[in-house]
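Take each chain as given, in its own frame, and dock them per the hints.
Here the protein sequences come in this chain order: A and B. Here the first sequence stands for residues 59 to 420, numbered as in the numbering used here. Here the second sequence stands for residues 2 to 119, numbered as in the numbering used here.
A couple of the hints might just be wrong.
If the Cβ cut is set under 7 Å, some of the chain A residues that face chain B in the computed set are [claimed, not checked]:
#1 I208
#2 P297
#3 W321
#4 G328
#5 P330
#6 L386
#7 L397
For the record, the hints were derived by calculation from the structure and aren't laboratory data. Since the structure is predicted, the reported quantities are computational estimates derived from the model, not experimental observations. Cβ atoms here follow ideal geometry from the backbone N, Cα and C, with glycine treated the same way.
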Amino acid sequence: MSKDKENKDFEKNKNECAEAVAATPIKKTRRDFLKKATTVGTGAFVGAAALLTGSDEAEAKTTWAEWFQRNYRLMTDEEKREAVERLELRYTEEYGKKTTVDTTDAKEGVLFGYALNIQKCIGCRRCVHACVKENNQSRENTAIEWIRVIRMEKGHFLPEDMDKGSPQGLPFGKKGEEYGIQVGGNAGKPVGVVLEGQHYYEPESVPEKDAFYFPIQCMQCEKPPCVKVCPVRTTYREPDGVVVIDYNWCIGCRMCMGACPYWARRFNWGEPNLPKEDMNPKTHYLGNRPRMKGVVEKCTFCLQRTRKGRYTACVEVCPVGARKFGNLLDPNSEVSKILDRKRVFRLRADLNTYPKFFYFTD
Amino acid sequence: MKKPVKDIASKSPATISSESTSGETLQSNKGLCATASTEHSRRNLLKGLLLGGVAVSTGIIAAKKVYKHMPSTGLKQSYLSDVAPGDRVHQGREHVVMTAREKADMVKFFKSNYKRNS
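Bound-form chain B, shown alone (with noise of 0.2 Å):
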């Protein structure tokens, strides 16, 4: 299959045609479909790849430029609820003052760990 498309797309219009007419119509027809659809193929790949590069950074531009300037309303509300619980937890919390031992053992723990880690 492929001979004869080479052959047929190194002639120009001209010589195809006028083999056309000495009885081989259907031949080169048949060639001319699959060098047609050959070139299309390698067309439709390159263009493909341009159209996709194209359309991705066009799409990435403009949907960062959209999303910039949408408004940031609930934003506020997001940061809140990340905190606001922790103020109710708080709230409720009974903190007890460390003995002298704690507070030296704490210390100690403090000491050794870096020693540790060092």
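So here's chain A without its partners, still in its complex pose (with noise of 0.2 Å):
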């Protein structure tokens, strides 16, 4: 038989198998439907460890551990010191600076507390620049700031009305609702209201006539209700009272700023815009680390030095002094005398969260 013979019939036998395969009904089986679905899932997971592996990167390594990464109340010891090295070298490669990343605990004997005089604050908003700078906060359209300054309208004492009592209900609030902090005794005019807007007040020079300020952060509850209801458990309070957030167990679930009645948890919705030239690369796992997209952060009272004995930026950068940090187990402490010789009062008493944040006027 010669060659062009045998290979003529081998197509004609290929022809007709093909059409008897075409002609074949398809019936899809159970079996099918599995096989194509571990295909899938197979190449899906090839494609996304390849992703995750095949890279030099310091970051898709770091993101590849973090996966199989415990809370961080459960690690071992060996298990921080590796989190913390893959952690710093990914920083100091993405920052271009050499990063360190602190794991130190809670120091025997401190409840750290903290008290702002409301009368001395002039509206700067020096603390929270210097907060946003040292705690490596999103910036610009991501902006984030774990203190707020709230502007407030100062009310007018009026000898006329002094047998009126305090304001009822106008004009801003609903029917019957009483207003704020009574500052200067009966006012004839409600305190404390706050305008429109006023969050991001920009004026050309401060304190403004008519205008006092009010400063808000995390409380740091004894009794925090933003714990209470973390469904991963990674928010918690820390031995010196500060509640902290492990940011690669964090959900973003967002219950616990639900949970939070002083409106300190900040969410993190689009990814940080932290500029390079800006980073603070002095950082702690449980404090100012950058964060990432979808994880809930805040204040605490600056881990990374008050651990080490230093003083919080805030409280540091505040031109009039207004505000004190301190030990609360230690009664020379400047909060504690604080607590002992001046008008204290706290916001949301009444909820029993137990604040450490107090505010005091002379």
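Structural data, given as structure tokens:
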């Protein structure tokens, strides 16, 4: 048989085969489905794995390892060391400067407390900017500020209205609603009124006439409601009283934000915008290390500083000395003395959250 | 079914076609079809794996790039709406100065709570 004939026969058989296969009705079985599902699943896994492990970038390696990382509180010392090394490498590469991730634990016999002199605050918002800078918060479009300084209108004391008592329900709130702090006794005009958009006020100079300022941040509650509601227990109270977040375990459910009566928590809606040149390379694992999109963050009393015996950034920067910080267990600390001698009030004392952030007047 | 498949698979096209001329055409066609479909499915699996991997990788990379460069309009509003309600609530609050006893009790509570937890 010649070669031509052989080839022709083979071609003919092939065609017949193709026709036969084409004529066979396609029956989809469960096996087919599972086979396809397995194929796609394996493909996806291989693809994702290739993406993350194939790269030499420190970020990719860290991300991959973080998937299998335990909650910070459950980590062994060895695991903590490994996690810190990975992060340091990643941040150093990403921000182009030698970055350290501290894991200093709470000191024995220390319970942090904070006091703010509301009479002295001039609303310059230097504390806000210092906090943003110190704690590597997101800038510009995705700006996050842990400290909020609210501009409030002062009330007026009118002798002719002395007998009328506290102002009731006019003109901004619901009918019958009482108003704010009675700074100056019987006020003829309600105080503590925040006008729309005054959260980001930008006056030419401060303090403004007829205004006082009310800074608010995390109160580091002794009984924190945010900790109670966290479904993954990623936020918890440290022995020195600071409520912290393990950012790697945060699932971004925002339950803590709903539970916080002080609106002190912030959610990263977008990828944080932290310019390389502005990044603070001295970080703490539970504090100011760069966060990621989809996690919640908040004030930590500058753990990276206070656990090393320094003041928080906001205390240091305050030009009028309105902010005081110290150990509540030490009767000679500034904050203890304030509690002892000054007129002190707390926000939402009725909730029994026992905030460790106090406001005082001279 | 498997045995003829294996036999035929080991034969060259020339051998198969010569057998088909000697009256075994139908049998060998069936075998050929089986061989072809077996190869086809195995190839499909590998192809699927490879294509799936590549497609998923490409998809993830592309989605990541697109998402990164998406304009972030509305983000500012989202951030603001997280804090603005707080301002409104705080304005309506009345704050009461603590009495000396309240302060002393509070410090006592802090101390006892610290001892209990440590």
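query = Does the structure break any of the earlier hints, and which numbers would those be?
reply = 5
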